[in-house]
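Can you make the complete structure from the sequences, with help from the hints?
Next come the chains, spelled out residue by residue.
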Amino acid sequence: QKEVEQDPGPLSVPEGAIVSLNCTYSNSAFQYFMWYRQYSRKGPELLMYTYSSGNKEDGRFTAQVDKSSKYISLFIRDSQPSDSATYLCAMSARGGSQGNLIFGKGTKLSVKP
Amino acid sequence: GAVVSQHPSWVICKSGTSVKIECRSLDFQATTMFWYRQFPKQSLMLMATSNEGSKATYEQGVEKDKFLINHASLTLSTLTVTSAHPEDSSFYICSARALGYTGAYNEQFFGPGTRLTVL
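From first to last, the protein sequence lines are chains P and Z. Heads up: the first sequence begins at 1361 in the working numbering, then just goes up one per residue. Heads up: the second sequence begins at -1 in the working numbering, then just goes up one per residue.
Careful: at least some of the hints might be erroneous.
What the hints assert, rightly or not - PhoX-like mimics (lysine-lysine), calculated; alpha carbons at most 25 Å apart, straight line:
| no. | chain 1 | residue 1 | chain 2 | residue 2 |
| --- | --- | --- | --- | --- |
| 1 | P | Lys1468 | Z | Lys39 |
| 2 | P | Lys1402 | P | Lys1468 |
| 3 | P | Lys1362 | Z | Lys39 |
| 4 | Z | Lys64 | Z | Lys53 |
| 5 | Z | Lys39 | P | Lys1402 |
| 6 | P | Lys1430 | Z | Lys39 |
| 7 | P | Lys1416 | P | Lys1468 |
| 8 | Z | Lys39 | P | Lys1472 |
| 9 | P | Lys1402 | Z | Lys18 |
As the list claims (entries may be wrong) - Just some of the chain Z residues that point at chain P, by a computed CB distance under 8 Å:
| no. | residue |
| --- | --- |
| 10 | Ser41 |
| 11 | Leu42 |
| 12 | Gly59 |
| 13 | Lys64 |
| 14 | Leu66 |
| 15 | Ser87 |
| 16 | Ile91 |
| 17 | Asn104 |
| 18 | Gly109 |
| 19 | Gly111 |
Think of the hints as simulated: they come from the structure by calculation, not from any bench. Quick reminder that beta carbons are idealized off the backbone N, C-alpha and C, glycines included.
What follows is the structure, given as structure tokens:
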């Protein structure tokens, strides 16, 4: 079993839909959870960062972490065509400079106008 | 701010040749740079971590003599793929952590990646 599992999609939704992206993981030591967005031919950019369990909201984006289920989610409300990108989850067991990031494969999202 | 560039963005080379990829932090100084590799439909996999002025730390299974990393300044790290073979064809992406960063998590700014194809 891979440390981080993420459905690669592709996922296609109409504009305005609520999008749910998910990752599961096996390492119970993970404490830091991140979502990155990667546009074509660009590097990943950090969208959300969460420590331990709980929810975090930033505009149209909400990140959820359920450590008991080893499951994290990213919700996008009122999705826009500009949200079309690949979304990568990443996590680490330790913080700061010690926390190597373990990535999921990424989910390719397409939001149709 | 926090822009990382890579050059070249794509390269095609013959088997047995060496290829150098540059990673630059354009508007900040980076004590630490990371090199990742991504095969099609696979995760980003950390290859090595380099700190300015010291030897890189390679992840298990990554040949340090094949993937030479030089981090000569606070804004530049290079990855040289020596004696490249078709199985080295991949997407190589670097990231950088800013000098003086002491945040809770491993904040990294990513470059746009380099597509390497070895014929």
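Cross-check of the supplied hints:
As the CA atoms of Lys1468 (chain P) and Lys39 (chain Z) are separated by approximately 10 Å, the hinted pair is consistent with the 25 Å bound. Note on Lys1402 (chain P) and Lys1468 (chain P): the hinted pairing holds, with a Cα-Cα distance of about 14 Å set against a maximum of 25 Å. Our distance criterion of 25 Å between C-alpha atoms is met by Lys1362 (chain P) and Lys39 (chain Z), whose separation comes to about 14 Å. Between Lys64 (chain Z) and Lys53 (chain Z) the alpha-carbon distance is near 14 Å, which keeps this suggested pair within the 25 Å criterion.
Taken as a hint, the Lys39 (chain Z) and Lys1402 (chain P) pair is honoured in the structure, with Cα atoms around 16 Å apart against an allowance of 25 Å. At roughly 23 Å between alpha-carbon atoms, Lys1430 (chain P) and Lys39 (chain Z) fall within 25 Å of each other, so this suggested pair holds. Taken as a hint, the Lys1416 (chain P) and Lys1468 (chain P) pair is honoured in the structure, with Cα atoms around 22 Å apart against an allowance of 25 Å. Between Lys39 (chain Z) and Lys1472 (chain P) the CA atoms are separated by roughly 23 Å; this keeps the pair inside 25 Å, and the hint holds.
Taking the CA atoms of Lys1402 (chain P) and Lys18 (chain Z), the gap is near 19 Å; set against the 25 Å cutoff, the hint holds. With a least beta-carbon distance of about 4 Å to chain P, the hint placing Ser41 (chain Z) at the interface is held under the 8 Å criterion. Nearest Cβ of chain P to the Cβ of Leu42 (chain Z): about 4 Å, under the 8 Å cut. The hint holds. The beta carbon of Gly59 (chain Z) is not positioned within 8 Å of any beta carbon in chain P (closest approach about 14 Å), and the interface hint is therefore violated.
With 8 Å as the threshold, the beta carbon of Lys64 (chain Z) stays out of range of chain P, its nearest partner Cβ sitting at about 21 Å, so the hint is violated. The interface hint given for Leu66 (chain Z) is violated, since its Cβ lies 21 Å from the closest Cβ of chain P, which is over the 8 Å cut-off. Look at Ser87 (chain Z): its Cβ only gets to about 17 Å from chain P, farther than 8 Å, so that hint breaks. Checking Ile91 (chain Z) against chain P by beta carbon gives a least distance of about 6 Å; that is within 8 Å, so the hint holds.
For Asn104 (chain Z), the shortest C-beta to C-beta distance to chain P is roughly 4 Å, which falls under 8 Å, so the interface hint holds. A cut of 8 Å between beta carbons decides the hint on Gly109 (chain Z): the least distance to chain P is about 5 Å, and the hint holds. At a threshold of 8 Å, the smallest CB-CB gap from Gly111 (chain Z) to chain P is about 6 Å, leaving the interface hint in force.
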